[in-house]
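Protein chains in written order, with this note's numbering: chain P, 1 to 581; chain V, 1 to 216.
These are computed hints drawn from the structure, not numbers from a lab.
Within a straight-line C-alpha distance of at most 30 Å, the following computed DSSO-like cross-link-like pairs (lysine-lysine) qualify: (1) P:K167 - P:K131; (2) P:K144 - P:K167; (3) P:K162 - P:K78; (4) V:K10 - V:K176; (5) P:K76 - P:K162; (6) V:K162 - P:K144; (7) V:K162 - V:K176; (8) P:K313 - P:K570; (9) P:K78 - P:K58; (10) P:K167 - P:K76; (11) V:K162 - P:K140; (12) P:K313 - V:K10; (13) P:K162 - P:K87; (14) V:K162 - P:K162; (15) P:K539 - V:K10; (16) P:K137 - V:K162; (17) P:K312 - V:K10; (18) V:K162 - V:K151; (19) V:K10 - P:K556; (20) P:K131 - P:K162; (21) P:K556 - P:K313; (22) P:K140 - P:K167; (23) P:K76 - P:K212; (24) P:K162 - P:K36.
Which stretches of chain V does chain P cover? Using the computed rule of at least three CB atoms under 8 Å from a CB of chain P, they are: (25) 42 to 48; (26) 81 to 87.
In this text, a Cβ means the ideal position worked out from N, Cα and C, and glycines have one as well.
Single-letter residue listing:
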Amino acid sequence: MSAATVLDVLQCLHGITQSSNPYKTAVTAGLSGSIKPNMLRSVYWKVYLGILPTPRTKPASSQALLEEWEETMHEKRKALSQQQASKNTPNTAPQQEKKKKSRFGDSDEDEDEEAKVDNPLSNDLSSAYNKDFQRQKLEKTIAKDMERLWSDDPFFESDEVKANMTKVLMDFCDEDTDDESHIAGYRQGMHEILSLIFYVVHKDAEFVHQLKPRMTELDDAQEDDFSILQAVCSPSAVTQDAQLIFSRLMSTRRGLGLVHWYHGSISSPKVSASPTGTIQVFASDTSDNAVVDVANAVQTSMIKAMDEPLWKKLNQELDVQATSYLLRWLRLLFVREFSFSQASVLWDAILAEFSWRVCEEDEENTYNIADSIVPHIAVSMLLFISNDLLEADYSYALRRLMRYPPVEDVRPLLAKSVERRHRGSRIALIAGIMPQLQQPSAATITTPLQAPMPTSSTVAPSQQSVGFGTLPPPGTVPPQQRSTVAASPSTAAPPSLASTYGTTAAARKVEVESVTSLRDKQLRQGMVLASIIRRMEGKWFPDTSQGPLTDEEIAKSDEDYIVAIAELKKVRDVLLNSVSE
Amino acid sequence: MASASPTRAKDIPAKIVVLGESAVGKSSLALRFVRRDFIPNQEATIGASFLSRSVSLVDESPPVTIKFEIWDTAGQERYRALAPMYYRGAAGALVVYDITSADSLRKAESWIGELRRNADPQTVVVLVGNKCDLESMRQVSIQQGQDLAEKEELLFYETSAKDGTNVDALFTNLGKTLLSRGVIASGVDRRSTMSRNLQPPGSRTPKSEQQKRCDC
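Chain P with its partners taken away, still in its complex shape:
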């Protein structure tokens, strides 16, 4: 990321604004996982969430579009400030307010009501005292979580950042009470959603700001564009921009409605999954707890369609409660399961899909996060650790699910999810968007994988004919990770989204099955290796905290060791095979 220059950043921006279809270009980048760190991710997010107006046809000029963006951000931030100013009535002085009211005689309320509003002993939730009390309580609750948010990260240690994030959450709670769906209130986890947004917006602003001294490298037109970029990603507007994004992400009306997954008792479309693993939505039904339904659908019907042994293991043998780990995966949109930069890549696709569906289908917001790529990402995550889970006992399986293993690259996982999402979608949502990435090398790999792959019977034919946009192959993205996994030479291989939809249905089935990106395979093999290492270590470094091993246990660990060596040989064969190919 240090290599990115001021020209790179401008080029990235122009990649959208000078495109013949800026909107589609942006959505494609998100779904294909090709937005690089420090390449204006927050701009993409603003496009996806409808904060920055983005045309579907070639704009009159890139310059004009950029000016519109600058203007839009300016207006939206201004509106937000005004909204806040009007809301911020002095909350410590309800008495004064009353006086003011009577002095100006502008109240239509009858006296009784007025008295009730300002009575400190009133139980009325809308009384000024009560509101103030609730507000203080809320602030305390948020502060408690903010205090311990990513305490190992210097960025979030800053009191200023904490204060700004608290402010956004407080505003969200206020604003929310006006929402039609009467959803109100902060819940744990929202602060983590906001933290990723803050981080992404801040990083872009900081990065653009740091490039300012290098504007001298630019010609006049470029300089103008860069100035606009500075306004769009302004360091002084980080809080406001994060608030705009957060509010869209949560909002039921104009956004993804993530709030549904935080508030159990609100009504939301009932979700169940069909045998093909497609989530069906019955808009007329209501559900007590949307996120619980989605968690259950993921671990039962969706997994059953993809990997029956895993389904059996989790639901019958171990009887793991889906909610015990999936609540966190889903509510936090995978923020805790991956590094920030990896989670951002998943979010690119989540937001891009939202954007595509909302804007493409109709004016109404028919998007339902329960029927989005999000559950498919969760399914992919389970399939990726399928090997580990299949051999685990209850405690180990739970620990694996509660602490998802670090992955080197999240894009193969995303590619699989996009593919399955696309296949199972009722309305071919990603039609014309599914990027056609280089297939030659990946398509010829047929070596069976260790982990169970979707069988042909589970491949639902796409229900509509699908067109393709073409996309230049995405560049390589250096892995940005908190994890300690060493970067492997595979970084050079681009992720492959194996799109085979141009072929006949029968041929497609076979190809979908056999085509797996090299990275995907490497990742799986790496996970198999991790599991082998763990068992081999168990032989030499047994857990003796509970006393010396019994003969039975020693015999078992010997057996494990032999099995592990056999598996190791299989990994060797798979890797050698793919190398020779």
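Mind docking chain V on chain P? Use the hints.
Frame of chain P, contents of chain V only:
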């Protein structure tokens, strides 16, 4: 089969649920017991987390090993609706408050009430006043904790997840109580009374019955 910590043949599983207000130290308490570690500013628990540790009780006759399977829940009050999933079928419940917060003791009382109403009557409840290393900030006296525990007939401990005070003692004593009250039992049939009450024995083998027990 491979697992980082295989269930040993003699281990008696005991499902324990940890309840209490947000930020009283539920996760820290569980982590102290299981990993003998303390992380300041432990992140908020979303959903729940699961930890397990086996403890040998050598002074029992015959000596037994209890495998504590600990469900650490999210503290925020608004997530309470999900709590029954974790306390149902639990052999023990730790209701945790923070001795530097009088409010957290009131929350603990309401948790006790909820357990009384909805949990299995055999569930052994322990009232835990955590953060006892912060003596200078104390808002709840030991007496207050003891009084509440006596009134409700609970076990009571003041602990510090930070320095480890009383954490092992709490679990050891809880284990002994579970055995003496017959909530969990050693022997050939290791299914506990608890699990039998909740899940009528069907075709399950004792082994799967045990596993069933930990996640209801």
